[in-house]
Amino acid sequence: MDQILNVLVIGLLLGGIYGLVSIGLNLIFGVIRIINFAQGELVMFGMYGCYWAHVQMGLSPYVSVFIVAPLVGLLGVVIQRVVLQPLQSEPSMQIFATFGLLMMFQNIMLALTGGEAFSVGGSLGTEVISLGDTKVSMVRLITLLATTLITVGLHFFLKRTMLGKAIRAVTQDKRAARVMGIAVERIFLLTFGIGAALAGLAGALLTPIYSITPGIGGNFIMAAFAVVVLGGLGSVWGAYLGGLIVGVVEAFAGFYIDPVLKSAVWFLIFLVVLVVRPAGLLGQVGAEEVGFREQH
Amino acid sequence: MSNIDTNNSPVIESGQSAWIKYFGGMALASLPLALFVDDPNWLNIIAFTYLMGGLASSWNIIGGFGGQHSLGHGVFFGIGAYMTAGLFVNYGWTPWLSMLIAAVTAAAVSALISWPTFRLRGPFFAIATLAFNEVAFVMANHFDSVTGGPRGIMIPFKAGVENMIFKERWQYALLMFGFVAIVVAFSVWLRRSRLGYYLLAVREDEDSARASGIHVLSVKLQGMAISAAFTAIGGALFAMYLRFIDPPTIFNLQDIGVKFFLLSLIGGVGTVAGPLLGAALIVPFENILRVEFADALPGFNLAVLGFLMVLAALFMKRGVVGAIQDLIQRRRNKREPS
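For the protein sequence lines, the chains are A and B, in the order given.
Residues 1174 to 1469 (my numbering) are what the first sequence spells out, left to right.
Residues 779 to 1116 (my numbering) are what the second sequence spells out, left to right.
Hint data in this document are derived by calculation from the structure and do not stem from the laboratory.
A couple of the hints might just be wrong.
To be verified - Facing chain B, according to a computed beta carbon distance under 10 Å, are these residues of chain A, among others:
{"#": "1", "residue": "1208"}
{"#": "2", "residue": "1230"}
{"#": "3", "residue": "1232"}
{"#": "4", "residue": "1256"}
{"#": "5", "residue": "1265"}
{"#": "6", "residue": "1267"}
{"#": "7", "residue": "1283"}
{"#": "8", "residue": "1284"}
{"#": "9", "residue": "1398"}
Virtual Cβ for every residue (Gly too), placed ideally from N, Cα, C.
I would like the entire structure built from these sequences, with the hints used as guidance.
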């Protein structure tokens, strides 16, 4: 029983990480209907940013996040404006272009660093606190809490603020939103910016947990796709729930079946969901079809 | 998505003209092999160019003609590589036979995984095929009694035509040339066959194709099966040429899975010549970059490729072939103002 509980806690904490890296992807996916293959690389930029801030200025990732996340967000705005906006109604080209960005970012970082892995030292990464019989890694707990807070925050932003309402209007019907006087392109820029900033934020919070390599984005991006599809396209709480499910499934599969096969298990679940209910658990049925029909 | 012919030339090219172009193109493509027959470094690049040209042309059958931009062709490539290498190392089967078995297997597997994924459109199809590539990677690592797991499979050097292992580089280059010649010949034929037109109809508008009585799913499955079979043969050739395979090499997205898409798109997706042109331009260029910058800037070649992908998506959606067609069109319009 203790063992099961232990694995469950490990899974939930891992789920917090997956949820965190998926929130931004999900927002972009849900609103702009673009799969951003380079999202994992934006997370990587966040991590390197915090690493350099730590080495150069001795800043903790929890401080430098306030500089790094907006910078990554700015990069996102540039990507949306320069690369993706011209490819608005061409899903295949968007996939191709964002995959090109993935290769570019990842390999530029590889060329710059020579492939050396970095990590932010200090005691933070190893601190644990005890909850009953289970020991919990401090930084992972902070990550799960942060994911929860961000999800709640995003929920209220989208439901209560004018800007959030505009974003939701664009998601539901681009043409009607435009008729209502919403500058759709500007909402897209803003959304991609927020999504990218969330990726940068995720990177910052994960800096104490992972050692940083140019290819680290690859560890997250497939998981993030699984989370987004599982939880439901564009649903804020879907990403949270999907993250926790993927994390728990991975932890149990890794513990009871084989650590090598753990990702195959949730991939199969992911494929089944994709085929049986492509809208995901909390997504609107039909969103995956209607959303990609051409809207002008 | 694709161009609409606005010039006055007949929409359907005559069979004779297509085959003349084919033999002309192949003669041109064989020139480098004849010129560099004594230079092992260039022969290596040339062999890879032929192989990648053949693989991109295989991908193009479903990706270009059928418009189904699969990112999961690494699975079929892996089936070809692993089956051929495994049967050769463990049972001494000749690769000439096992690559055909692998081709049939890949076609069957493609039907199995495409049947559920073909109902997905656009990005969802791309993610699903990508996921299959990842599953294959994990499986190849896990079932190490068959695949050697992370250690991979080493193929011993036993020269002989029956083993598909040669002493001279030019022999390999000739083998790869044979592969690309066959795949492109098939593409020329397919492009003008009933199935070819069905695939094009499905690419242009799935709903209209269905309304005109085309069984869309069946057409897609056939296209995918042919494409998968050729890709598996390419994988087999790759394994026998490198004589070492492991999961990170075979299921690599940037070097294998997405590369087929990349080469086709840069050359001109959905055209017969496009994938070949893409390979001829990109593969030597990338190899030179890889060698030149291996120490100073590792990964520089892939960063440049990534940049080219973004540029191609933005400014050259129809690839080199499309750009040439536009140029000819503009010339013609200038000459006979309408």
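Consistency of the hints with the structure:
1. 1208: holds, 4 Å
2. 1230: violated, 27 Å
3. 1232: violated, 28 Å
4. 1256: holds, 6 Å
5. 1265: holds, 5 Å
6. 1267: holds, 8 Å
7. 1283: The hint holds - residue 1283 (chain A) has a Cβ within 10 Å of chain B, the shortest such distance being about 4 Å.
8. 1284: holds, 4 Å
9. 1398: OK, holds: residue 1398 (chain A) within 10 Å of chain B, min 5 Å.
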